[in-house]
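Chemist: For the record, the sequence lines run as chains A and B.
Take the position in the first sequence, starting the count at 1, then add 7; the result is the number in our numbering.
Take the position in the second sequence, starting the count at 1, then add 136; the result is the number in our numbering.
Treat each hint with caution, since some may be false.
[Unchecked claim] Now the stretches of chain B that chain A is said to cover, found in silico as 3 or more residues with beta-carbon under 8 Å: (1) 172-179; (2) 225-236; (3) 271-278; (4) 290-302; (5) 305-317; (6) 384-392; (7) 421-431.
Keep in mind that the hints were calculated from the coordinates and are not lab data.
Just so we're clear, the structure is a prediction, and the values are computed from it rather than from any experiment.
Where is the CB? At the ideal position from N, CA and C, for every residue including glycine.
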Amino acid sequence: MIHFERFILPNGLRVLVHEDKSTPMAVVNVLYDVGARDEDPNKTGFAHLFEHLMFGGSINIPVYDEPLQQAGGENNAYTTNDLTNYYCQLPAENVETAFWLESDRMLSLAFGKKSLEVQRKVVCEEFKEHYINKPYGDVWHKMRELAYTIHPYRWMTIGASLSHVENATLEDVKAFFFKHYTPSNAILVVAGNVSPEKVKALAEKWFGPIPAGEKYERNLPQEPKQTAARSLEVKANVPLDALYKCWHIYSRTDMRYYVADLVTDILGGGGSSRLYQALVKEKQLFSNIECYHLGSTDTGLLTIEGKLVKGVNMKDAEAALNEELSKLQQDGITQKELDKVKNKTESMIAFEDMSVMSRAASLAMYELLGDASLINVELQRYQAVTAAQLQTESRIIFDEKNCNTLYYYSDNK
Amino acid sequence: MDRKIAPPIKDAVEFDLQLKPYEYFTLDNGVPVYTINAGTQDVLQVELVFYAGNWFEDKKCVASATNFMLKNGTSKRTAFQLNEDFEYYGAYCSRACYNETAVISLSMLSKYLPKLLPVVQEMITDSIFPEEELAVYKQNSKQRLSVSLQKCDFVANRLIDAYVYGEQHPYGTYTNAADIDALDTAMLKKYFQQYYLNGSCVVFASGKIPANLQEQLNANFGKLSISKPTFSVDNILSKPVSEKKYRIQNDPNGVQGAIRIARPFPNRHDPDFMKVMVLNTLFGGFFGSRLMSNIREDKGYTYGIHSYVQNHLQQTAWMISTEAGKDVCEATVEEVYKEMKLLREEPVGEEELSLVRNYLMGTILGDLDGPFQIMGRWKNLILNNLDGNYFYDSIKTIKQISAEELSALAKKYLVPEDFYELVVI
């Protein structure tokens, strides 16, 4: 059970406090309800570039990092297609430093030219390091465009192309800030060795005076139901052929999300999972195979990907994979398999909850989904999933018409 | 309220950092067990550290293959069954092979320990190394290697170690497909016999420790013919190569280069070691470091640049590592040397030094949060044949080291001629 208190400042900022006296540290986590899905299709990669600029100095404080480090703190941030999350951890005695820094950059950035110029370059190098200069690095770029026709999940968080990042202007940066970085679009979580009274006082002192700004109303085009299988063939300078298949699943708040999540564990979670045992160990068609989903807020993708053993024909590998999916659809799963994936979920949650930082981020994420107290009912929701539901959903999800396939061929055989 | 003025802080150097002491006992066969009982969740990690790393192998890859295959079949259970036995209880049993040591690590909800220890016992006493399992392992390892070899960072990491330690040294050796091909089950069985069945082992347990842990461990491991390690190995002298500068073309379509600049460096028992940890932090050890501030935050040549001292027991290396745009690789290398020169020639200012001290103290305080993290610190000390004093001496060094001492260390170690330099595109 994760205890927390929740209150809302008059400017709309939602604040959650999770007290844990067993640690000497405090975590301050600020989540902004903006991700790559909120970008203009012609200016992608912006939410993430913006995350970098948040460290380039704010209206009253020339640099973010140094005062935090001076207070013994560490910080980082990440951007996804759904959200942008900033977090820092510091000795609890110095927690006010984090309030000072985070509230000032919510108030306004410095919007320095130099910061934009440098961070454009840094993000381009990040783009190259992770998505260009790596075998199979462009897979998700291609897969997203194949699987999504209109939803902004069509592009990756890093951006659809280097040029979008290179062309970002200071005007774009300012407009983005005032549209999305307002108190009513943010959630503040303070966790660790802090009292709710102290957090309330500090929140009112530092965040209270920030003008409310306008609440951003999200109105994204939702992806229509896919009605025919899609596929794409790619040839690239990679050593091995690889197969990627994606099926549309449910949004994060749909109860069927939990069923789909357990389906991925049945198929691809560990050395005793179905796909690994059948396709890597017994038939030896793949040298690795994984099944996962990304936990997207809007309807996401369930993915199976694997690299083929050299000499294996792509169609044979795909047929064997499809056979495993058919087995699941026709015969369902055993009680033992169901117990296994539920036990795994239970221990995963326990391990995640070990760190205060992870508890703080989870609280922010659940609050974003609509209700922070979801953190305490997740496990029950997984426990309630039945074998029958798993079978039903596997029939719906693994429908051929719902499938997107990327055949990634090696051209240096 | 003036937002331009920072709230008062307690200087992190004033924090009284304590490393929670471990509890210690030995099994009937003398195998030492270190435990840390802490944490809020009912989770437990048990690590069996064997002196079975690649230090002891005659043929390449034997140590890592033996370690990996511990989970691929015993006389009673197939690989599938072994995996299922762990996964059914939501537990993770991972293996990892390092230079001196090879580890089996079990993480689980504490309540499942009695179900899982016997399975681990079976792995370390009764592994049978089936032919067909080894065949799959060899095939998949070679496939993974072929993908990795296309990445400039992977290639650079292999080569720089080979330059600094020599390709024949356990720290400098690397795997080729032919080495994997040459493996057979007889080699693995022999290695298993010598370094696991009759090997030396130390156990680390952390988390919510059950009251009868000693009993449980004794029942499963206390009668085995494993013994207490000496915590030292016969040193093998490194044979660094003589040529120092390398430029390698690995991928004709590469858009970035992997840069590695490294020099040999003594291990933790050298009196300079803990002082250099502070100098390294200042140089390239955190986000606010000189290298990061200049090469990322001012020039935008890279997504990240770091310096660190490798975590080796016998001798080690001080390394600068980054991936930079293809066209700015040479400029990046030049800036690294400029930063070395600055540290040699100009003493660090009090403000910057105080920031580094506070950052390090805060990080250690944060790192000690949680039983696995506390045990991680102890494990590193114990395997390095050090005790708790080392931790407290390090803290003292962080608080007390002067700008003059840092300059002297920079003059001694940050000497460009001593560094190997490699760019792989």
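Chemist: Now tell me if each hint is right for this structure.
Modeler: Hint-by-hint comparison with the structure:
no.: 1; hint: 172-179; verdict: holds (count 5)
no.: 2; hint: 225-236; verdict: holds (count 3)
no.: 3; hint: 271-278; verdict: holds (count 3)
no.: 4; hint: 290-302; verdict: violated (count 0)
no.: 5; hint: 305-317; verdict: violated (count 0)
no.: 6; hint: 384-392; verdict: holds (count 5)
no.: 7; hint: 421-431; verdict: holds (count 3)
The structure fails hints 4, 5 (numbered hints given earlier, in ascending order).
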